[in-house]
Structure formats: C-alpha cells, structure tokens
Amino acid sequence: MKNINFRVKIIRAIILVVSLVSLFSFIAYYFFFDYRLLNDETKEIVINTRWFAFFYILFILLSVFLQVTFLHFKHIRKSLDLFRSGIKQINDGNLDIRIEISEERELGSLGKELNKILDTFEKTQKKLQLYQQKELQNTQKLATIGEMSARVAHEIRNPMTGIARALEIIVADMKDTDHKPILEEIQRQANRVNQAISNMLQYSRTKELFPQQGNINELIRSLVFFLKNQAHDKTVNFETDFGQDVPDFAFDHELIEDVLLNLSFNAIQSIPDNGVIRFSTKCEPLKRTIRISVADNGSGIPLLTGAEIFKPFFTTSTKGTGLGLAISKDIIEKHNGEIWFTNNQDSGCTFFFSLPA
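Using my numbering, you'd call the opening residue of the sequence shown number 1291 and step up by one each time.
To be clear, the hints were calculated from the coordinates, so they are not data collected in a lab. Don't take each hint at face value.
Within a straight-line C-alpha distance of at most 30 Å, the following computed DSBU-like cross-link-like pairs (lysine-lysine) qualify [to be verified]:
{"id": "1", "residue 1": "K1424", "residue 2": "K1406"}
{"id": "2", "residue 1": "K1424", "residue 2": "K1413"}
{"id": "3", "residue 1": "K1406", "residue 2": "K1416"}
{"id": "4", "residue 1": "K1431", "residue 2": "K1413"}
{"id": "5", "residue 1": "K1417", "residue 2": "K1406"}
{"id": "6", "residue 1": "K1431", "residue 2": "K1368"}
{"id": "7", "residue 1": "K1413", "residue 2": "K1402"}
{"id": "8", "residue 1": "K1424", "residue 2": "K1572"}
{"id": "9", "residue 1": "K1406", "residue 2": "K1368"}
{"id": "10", "residue 1": "K1601", "residue 2": "K1572"}
{"id": "11", "residue 1": "K1524", "residue 2": "K1577"}
{"id": "12", "residue 1": "K1431", "residue 2": "K1601"}
{"id": "13", "residue 1": "K1572", "residue 2": "K1518"}
Please build the complete structure, drawing on both the sequences and the hints.
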C-alpha cells in the first residue's frame, strides 16, 4: 500500500514539474523574445509557432488537471467505498470491523478517528454485557429468594390467622381487666404480622389485569364514603375535585382501588390529629392520560428518603410494612402508567398517578 502511494506521488510530481517548465518556457518565449531582429517571413513563422505553443501548453495543463482530478477522485472514491462497506457491516452488528485506510491517503485521518470510536464503543459494550450478566444472576437469585419467601409466608399466615382469631375470642370473654390490655396488644401485633404476610404475598404474586370500562370519579366517590370511617381517633375531612371532562376508560377496578386505598391510608397516618385529604382527577388530552392525585396536609416526605419510598419494605412509619407504595407502583406500571409525588409548599405531600385513556 505504501509503495503504491509513493508511486502516485512521484507521478504527480513529474507531471507538475513538466507542466511548470512548459508554462514558464512559454511565458519567457512570449514576453521576452525580440521580434525586431526577425524579417517578415521568419516573424510569421514565429507567430504561428507561438500560437501552436500556446494551445499545446493549454492542452498539457488541461491534461494534467484531468489526470490529477481523476487520480484524486479515484482514491477518494475508493476510500468512500471502504467507509460505506465498513459502516454497512457495523450496522449489521459486526463491531470487529475496522476501516483500513492509510493515513497518507485522503480521508485517512477520518478513518483513524472512526476506528478509535469503534474501539471505545466495543469496550463499552463488553463492560455493559458483563454488567447485564451480573444483573441477570442477581435477578435469578432474587427470584429464587422471593419464591421461597412466598412459600414460607404462606405457611406462616395460616397459623397466624388462627392465633389472631383465638385471641379475639379470648379478649372478648376476658373478665380480668389487669391482663386484658396485654392480650389486646398481643392481638394487635398478631394482626399486624398477618397483614404484613398478606402484603408480601400480594407483592410476590404475578398480578393479572382485568380491565373494564368504568369511571374513575365514581370509584373515588365510593371510596371516600368508606374512608370516612377509617380515620378512628383523628379528624380528617375528605374533599374531591373531579374533572368534568374525565371520560370512561378501561382499568382494573380492584387493583386501582388498592392503589387509592394505600395512598389514602398513608395520608391518614401522616396527619397528626386533624387534616384534609383531597382527591383530584384531570383529563390530559394531549398525553391521552387521566391524572389522579391524592393530597394531604400531613408531615410530608423527607427529601433524603424521597427516592427510596417506592422500594419494597422501605417505610418511615412504625405501623407500616413498607410494601404499600411498592405494590401501588407495580400496579400502575402494569397499567402502562406512571406514579410520582411532590411535597406541598405549606405542608404534606401529593401523590400523582396517570393512566392511559
């Protein structure tokens, strides 16, 4: 390859030298020759010879230009063909290909830079493949652990349910006022363990969607009626702001109700003594989604824990299991929707989720 390039350069140099010598000879002959020393007949011959030399030099220059142009574009086209072939193989997935163009030729430096990019991309792809293999192994381990945990939880839940029911009967018939509070606390803790196991089983199961046409406003309205009796020792007012243009759309009523219940119970727990929980719906025609929000004026969510709240078993409450928001996120994502939250300016926070309509 280097010998061919050297020959091409020698040929170009020879052609250029001959052309320049011919041109300078013609210029010297044309401008510096003294015609007064010649007679008329000789002068006419010289003039004819001068025109012949002019056209001859013009022909030589034109030939040189065409030859140089031909050689130039010949090598450029060859380089471009190498680029085209290499890029086609890269698009087909062959990252081992390299553009073999000598740096002495046209587009050689460009080929070198492209090869550097391919080297970097290939190294990055190998690192990504190793990372994906490790993630796959971790995922398989977690899946195995999750399956085992679900089986153990299922085996524990049945006797725990029996213990909770037995304690309920004992507490109801208990006459000893000194020991009754102790049994009531045991009953409460047993119910809490039973609820935690139920949540874990719900999270570990594959949820199948059964979407049906329905009105999200009506679902929230019926849910608010139920929630009014769940605040217990707190004074909580429930408000609604339903978008009048919200259409009926397909969603799994039972699962979306679970999401709203989880968000509502979290809002109730975050309110100290009295507060307000506000449900809102809004149609977003451009996004083709329905946005639902649950806002409260409770304690809000610390900024440092904001990124963790949708992870399983993460909770800032002593009463929660840390699975409510993880389950809710899983349900919304299965609907091809999104869920997020923002802290309010005054107090509390607002959870949003959107569903395709």
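Hint check:
1. K1424 / K1406: Measuring from Cα to Cα gives roughly 28 Å; hence the hint holds.
2. K1424 / K1413: 17 Å, holds
3. K1406 / K1416: Answer holds: K1406 to K1416 is near 16 Å, not above 30 Å.
4. K1431 / K1413: Answer holds: K1431 to K1413 is near 28 Å, not above 30 Å.
5. K1417 / K1406: 17 Å, holds
6. K1431 / K1368: 53 Å, violated
7. K1413 / K1402: 17 Å, holds
8. K1424 / K1572: 42 Å, violated
9. K1406 / K1368: 21 Å, holds
10. K1601 / K1572: Status holds; Cα separation ~27 Å.
11. K1524 / K1577: 38 Å, violated
12. K1431 / K1601: Roughly 18 Å separates the two Cα atoms, so the pair holds.
13. K1572 / K1518: 23 Å, holds
Violated hints, listed in ascending order, are 6, 8, 11; each of the other numbered hints is respected by the structure.
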